[in-house]
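Asks: Letter by letter, the chains look like this.
Number of protein chains: 2
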Amino acid sequence: MEEIILRDPYQPKHYPLLVVISGPSGVGKDSVVQALAMREDYAFHFVVTATSRAPRPNEVDGVDYFFVSEAEFESLIHQGELLEYALVYGQYKGIPKQQVREALASGKDVIMRLDVQGAATIRQLIPQAVLIFLSAASEEELVVRLCRRQSESETQLVRRIEMVREEMLHLDEFDYVVVNRECHLQAAVEDVLSIITAEHARVHPRQVIL
Amino acid sequence: MEEIILRDPYQPKHYPLLVVISGPSGVGKDSVVQALAMREDYAFHFVVTATSRAPRPNEVDGVDYFFVSEAEFESLIHQGELLEYALVYGQYKGIPKQQVREALASGKDVIMRLDVQGAATIRQLIPQAVLIFLSAASEEELVVRLCRRQSESETQLVRRIEMVREEMLHLDEFDYVVVNRECHLQAAVEDVLSIITAEHARVHPRQVIL
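In order, the protein sequences belong to chains A and B. The numbering used here numbers the first residue of the first sequence as 1 and each following residue consecutively. The numbering used here numbers the first residue of the second sequence as 1 and each following residue consecutively.
Honestly, I wouldn't trust all of these hints.
Quick list of simulated restraints, FRET-style, between CB atoms [said to hold, decoys possible]:
id: 1; chain 1: B; residue 1: 158; chain 2: A; residue 2: 98; range: 21 to 31 Å
id: 2; chain 1: B; residue 1: 169; chain 2: A; residue 2: 98; range: 47 to 57 Å
id: 3; chain 1: A; residue 1: 105; chain 2: B; residue 2: 88; range: 46 to 56 Å
id: 4; chain 1: A; residue 1: 67; chain 2: B; residue 2: 8; range: 39 to 49 Å
id: 5; chain 1: A; residue 1: 31; chain 2: B; residue 2: 181; range: 50 to 60 Å
id: 6; chain 1: A; residue 1: 4; chain 2: B; residue 2: 185; range: 51 to 61 Å
id: 7; chain 1: A; residue 1: 165; chain 2: B; residue 2: 105; range: 32 to 42 Å
Pairs of lysine-lysine, DSS-like flavour, derived with a Cα cap of 30 Å [what the hints assert, rightly or not]:
id: 8; chain 1: B; residue 1: 108; chain 2: B; residue 2: 93
id: 9; chain 1: A; residue 1: 13; chain 2: A; residue 2: 93
id: 10; chain 1: B; residue 1: 93; chain 2: A; residue 2: 29
id: 11; chain 1: A; residue 1: 13; chain 2: B; residue 2: 29
These are calculated hints, taken from the structure and not from any lab test. Yeah, the Cβ is synthetic: ideal placement off N, Cα and C, and Gly gets one too.
Isolated chain A, as found in the complex (with noise of 0.2 Å):
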């Protein structure tokens, strides 16, 4: 049975947030987290993601993701030590427990940038966390965001469009949705930053056990 909190003002106690920052790809999930983490009036600890591939030459360990060996990935499998992974062309990509365990208990707030899939994951592993949608004004802004990346074929880029309308679905599994406007990266960072002084403001905090 869970233990019921409430916020006491009189002795204030930071009760550290689980906010995921998700979206389509290409929604600017990326700029936003940066943006955050320049901010001096706000600490967080940002979740790196572990993975069994190898490091390309500019990627540094611990920073861009950690680099463990397959056998390494396999035994956090064993002892239920990933919050969230997955397999995807043979190359394991998960978040370690220990990793988001040692952030809140340190009293920071933990952000993860996850897909929307990854998000979903979450919800159903945490409910406590903070889910945060981030949107495109409309599908012609993020369509002209993906076909600026230039990196991707028209197929390629017929297949994202769908893959973003079928991410559009899961947005009633969010808390929140900030829409990021083109050119206004700093009004969805006002409003992440709102969202979370919010979360740290109710009456009854989403306490996140792991």
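Assemble the complex: chain A is given as a structure, and chain B must be docked to it using the hints.
Replies: Chain B alone, transformed into the frame defined by chain A:
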């Protein structure tokens, strides 16, 4: 059966909020509401209470109160047109539903300043209301503020402190708690605005139907 509403980021619609700012007396509810009213980046409708008592010299009808006759007030009661009302020392005080309905229809958020008892009544009547409990940082700070008013005898002060303690027990019926620290009014106002921003970003808006 209630219709399930989802905020659509591609078709942004404004769902006006009903926000109750409450808390013990002396905590600064008026100051917070006044500071909110000064903000040029946020427009809202402040609910004016109706009363059957006569206006005092400086009071303006429609600003301080809506001054109505006892007969008019009783007719509002019989029509079920009051959100909440009380008879105190033979004088009626209450919130006309029509005013709130019109303000919400205009698309503006509606803000009410209510004592803790009144806020609890609103919670029962309008579960979708956003209830903010304004608190002092400590009981000592609140007592100092009450003393500074100098309008109260020692007996009244003791009674007031007892009342504050009782009011604190209602905290769990609120959504959010904001600490209005001595000399940090603007911080409290920013917290209230963050809560309002976050509520406007909810995927499942709290739609108020009166």
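Asks: For every hint, state whether the structure bears it out.
Replies: Hint by hint, here is what the structure shows:
Take residue 158 of chain B and residue 98 of chain A: their Cβ atoms lie about 53 Å apart, and the range 21 to 31 Å is violated. Judged by the Cβ atoms, the range 47 to 57 Å given for residue 169 of chain B and residue 98 of chain A is violated: they are separated by roughly 40 Å. Taken as a hint, the range 46 to 56 Å holds for the pair residue 105 of chain A and residue 88 of chain B, whose Cβ atoms sit roughly 50 Å apart. Separated by about 41 Å at the C-beta atoms, residue 67 of chain A and residue 8 of chain B satisfy the suggested range of 39 to 49 Å.
Distance hint check for residue 31 of chain A and residue 181 of chain B: the Cβ-Cβ separation is about 34 Å, which falls outside the suggested range of 50 to 60 Å. Here the CB-CB span from residue 4 of chain A to residue 185 of chain B is close to 31 Å, at odds with the stated 51 to 61 Å. The hinted window of 32 to 42 Å between residue 165 of chain A and residue 105 of chain B holds, with their beta carbons roughly 34 Å apart. The hinted pair formed by residue 108 of chain B and residue 93 of chain B meets the criterion: a straight-line CA distance of about 24 Å does not exceed 30 Å.
With a C-alpha separation of about 34 Å, the suggested pair residue 13 of chain A and residue 93 of chain A falls outside the 30 Å cut-off, and the hint is violated. A hinted pair counts as satisfied when its Cα atoms are at most 30 Å apart, and residue 93 of chain B with residue 29 of chain A does not qualify at roughly 50 Å. Proposed proximity of residue 13 of chain A and residue 29 of chain B is supported: the alpha carbons are some 23 Å apart, at most 30 Å.
The structure fails to meet hints 1, 2, 5, 6, 9, 10 from the earlier list, while all remaining hints are met.
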